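J.: Position 184, counted from 1, in the sequence shown is what the working numbering calls 184; the numbers after and before it change by one each time, with no gaps.
These are computed hints drawn from the structure, not numbers from a lab. On a predicted model such as this, the values are computed, not experimentally measured, just so you know. Some hints could be false.
Said to hold, decoys possible - Cross-link-like lysine-lysine pairs, in silico, DSSO-like; alpha carbons within 27 Å at most:
| # | residue 1 | residue 2 |
| --- | --- | --- |
| 1 | Lys335 | Lys364 |
| 2 | Lys53 | Lys11 |
| 3 | Lys280 | Lys53 |
| 4 | Lys362 | Lys335 |
| 5 | Lys28 | Lys14 |
| 6 | Lys162 | Lys151 |
| 7 | Lys11 | Lys238 |
| 8 | Lys362 | Lys328 |
| 9 | Lys238 | Lys46 |
| 10 | Lys14 | Lys238 |
| 11 | Lys162 | Lys53 |
| 12 | Lys28 | Lys11 |
| 13 | Lys364 | Lys328 |
| 14 | Lys31 | Lys46 |
| 15 | Lys156 | Lys14 |
| 16 | Lys162 | Lys238 |
| 17 | Lys280 | Lys156 |
| 18 | Lys151 | Lys238 |
| 19 | Lys31 | Lys14 |
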Amino acid sequence: MTNDIFEQILKDHKELSSLPQTLAEVLKIVKDENASTRDLADVLVKDPALTAKLLRIVNSPYYGAGREITTVTQAAMTLGTRAISALALSSSIYDLSGQWQVSVDRQRFWRHSLEVAMAARMIARESGYAYPEEAFICGLLHDIGILILEKSFPDKFQRIWKQAEAGESISELEEHIWGTNHARIGQFLLEQWGLPAVICEAVGHHHSQILTESTDPELRPAQIVSLANLVSRFTIAKVRPELAENAESMSTLSAALELAPPRLVQLQEDLLSAFIEEAKFLEIEIGSPEELLIEANRIIYSHYLSVENLLSENRRMQQEVARAQMEKATLEALKTITATFNHYINNASATILGRAQLIELKIKSDEIGDPNGEAAGAMSTIVEGVNTITSVIAELQELTKFKTTVYHDDTYIIDLEGRLKKQLDHLQRGHSAAAVAKPPPQST
C-alpha cells in the first residue's frame with residue numbers, strides 16, 4: 001500500500017514532482033563539489049525576488065557581515081556556498097508551501113520547523129558535525145511530509161489530526177491509516193526534488209527507533225535532527241508529549257552524539273533568542289516575540305508540573321525500594337540470628353520438656369506429692385511455654401516476608417501473632433486429644 005500512496009500523491013499533485021527552476025539549479029550546485037560561488041550567484045540572479053530577499057538577510061545584524069553586501073557573489077564569498085544555498089532553499093520552500101491549501105496551523109508548523117532547524121545547526125556544531133548548514137536544512141524540512149499528507153488526503157488527515165491534537169502519536173496514526181508516516185513521505189518528496197541523499201535520509205529516519213544508540217556515522221544527521229526535534233519547545237500539535245517520554249531518548253541521543261548534558265542544557269537556553277532573531281531575518285512568520293514568550297512560559301509551567309509529578313512518583317518509588325531493601329536486610333539478619341541460636345534453643349527446649357514430662361509422670365504416679373494440683377498446672381504451663389518458643393523458632397526459619405506492628409510509641413516488632421496462634425491452637429488440640437485418649441491411672 002505504501003508505494004500506491006507515493007504514486008497517488010504524484011498523480012494527484014503533479015506540481016509536487018519538481019521544484020521551481022531556480023531552486024532546482026541551486027540544488028545541482030549544492031551537490032556539485034566542483035561548483036564555485038560564481039556558479040551559485042549566476043543561478044540566483046535569475047530570480048530577482050529571491051536575490052533581493054537573500055541580500056536583505058545577509059545584510060541583517062543577525063549575520064553581522066561587517067560591511068554592506070550588494071551582490072550574491074559577495075554574499076556567497078562572505079557566508080559560504082553552503083550557507084547561501086541553505087538560505088535560498090529555506091526561503092524558497094517556505095514561500096512554495098504557502099501556496100498549498102492546508103488547514104494545519106501554518107504559523108505553528110514553521111515555528112516548530114525553524115526551531116528544529118536552529119537546534120539542529122547548533123547541535124551539529126557542538127557535536128563536531130562538518131556540515132551544520134546541511135543539518136539546518138534537514139531540521140527545517142523534517143516535517144514537510146505532514147503538509148504533503150494533508151494536501152493529498154485532506155479528509156483522512158483531518159480526522160487523525162484531531163486525535164493528534166488530543167495527544168495521540170501522529171506517526172502511529174499515520175502508520176495505521178497509510179502504512180507509512182510523514183517522515184518517509186517527506187523523504188520521498190525530497191528525493192523527487194533532487195535534494196542530497198543525506199538530507200532525504202535524515203528526514204526519513206528522524207522518528208526511527210534505531211537512532212538512539214547507533215554509532216553509524218551515516219545516521220549522524222538523522223540523530224542530530226531527532227535530538228533537535230526533542231529539544232524543540234514549540235510543537236505543531238497543541239498537546240506536547242510527556243516529559244518522561246522524551247527524557248530517555250534525549251539522554252541516549254546526546255550520548256551517541258558525544259554531547260555532554262551541560263552543553264545540551266546551555267544549547268536549550270540559547271535557542272529561544274537565536275530562534276526569534278533568525279525568524280525575523282529569514283522573514284518566516286512564527287508569531288511576535290511576545291506571543292512566543294507567552295507560549296514558552298506556558299510550556300515551562302507545563303514542564304514544571306510534569307517534573308513535580310515525576311519527582312513525587314520518584315520519591316514514592318524510592319520509599320518503596322528503601323522499605324523493600326530494609327525488609328530484605330532485616331529478614332536476612334533475622335535468619336542468620338535464628339540459624340545461629342536454633343541449635344542451642346532446641347537443645348535447651350528438649351531438656352526442659354524432658355524434665356517437665358518426667359515430673360508430670362512422677363506426679364501422676366504419686367512419687368511426687370501434689371495434693372492441690374499446683375505442680376501439675378505449673379508443668380503444663382512450662383510445656384506450653386516451651387512449645388511457644390519452638391513454634392517461634394519454626395516460624396522464623398520459614399519466614400519469607402513479614403509485617404510489622406507497633407509495640408510501643410516508636411517501636412515496631414515482627415507481627416507473628418496470627419501465625420503463632422494457629423500453631424499453638426494446633427498444639428493445644430493435639431495435647432487435649434492425647435489427654436482424652438489416655439486412661440486415668442487406677443487407684444490401688
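J.: Within 27 Å, alpha carbon to alpha carbon, are lysine 28 and lysine 14?
T.: Satisfied, since the Cα-Cα distance of roughly 21 Å is no more than 27 Å.
J.: Has the given pair, lysine 11 with lysine 238, been kept, meaning a C-alpha gap of at most 27 Å?
T.: violated, 32 Å
J.: For the pair supplied as a hint, lysine 238 and lysine 46, is the alpha-carbon distance within the 27 Å limit?
T.: violated, 40 Å
J.: Does the alpha-carbon distance linking lysine 31 and lysine 14 stay inside the 27 Å limit?
T.: holds, 24 Å
J.: Regarding the pair lysine 31 and lysine 46, is the alpha-carbon distance no greater than 27 Å?
T.: This hinted pair holds, its Cα atoms lying about 19 Å apart.
J.: Keeping to a limit of 27 Å between CA atoms, is the pair of lysine 364 and lysine 328 held or broken?
T.: violated, 49 Å
J.: Given the hint that lysine 362 pairs with lysine 328, does the C-alpha gap stay at or below 27 Å?
T.: Roughly 48 Å separates the two Cα atoms, so the pair is violated.
J.: Taking 27 Å as the top limit, are the C-alpha atoms of lysine 156 and lysine 14 close enough?
T.: Holds, because 20 Å separates the two Cα atoms, which is no more than 27 Å.
J.: Holds or violated: lysine 162 with lysine 53, Cα cutoff 27 Å?
T.: violated, 36 Å
J.: Need the status of pair lysine 280, lysine 156: alpha-carbon distance at most 27 Å?
T.: The given pair, whose Cα atoms are some 34 Å apart, is violated under the 27 Å limit.
J.: Below or equal to 27 Å on CA atoms is what counts here, so check lysine 53 against lysine 11.
T.: With a Cα-Cα distance of about 33 Å, the restraint between lysine 53 and lysine 11 is violated, given a limit of 27 Å.
J.: Would you mind confirming whether the straight-line C-alpha gap from lysine 162 to lysine 238 stays at or under 27 Å?
T.: holds, 10 Å
Checked against the numbered hints above, the structure breaks hints 1, 2, 4, 7, 8, 9, 10, 11, 13, 17 and satisfies the rest.
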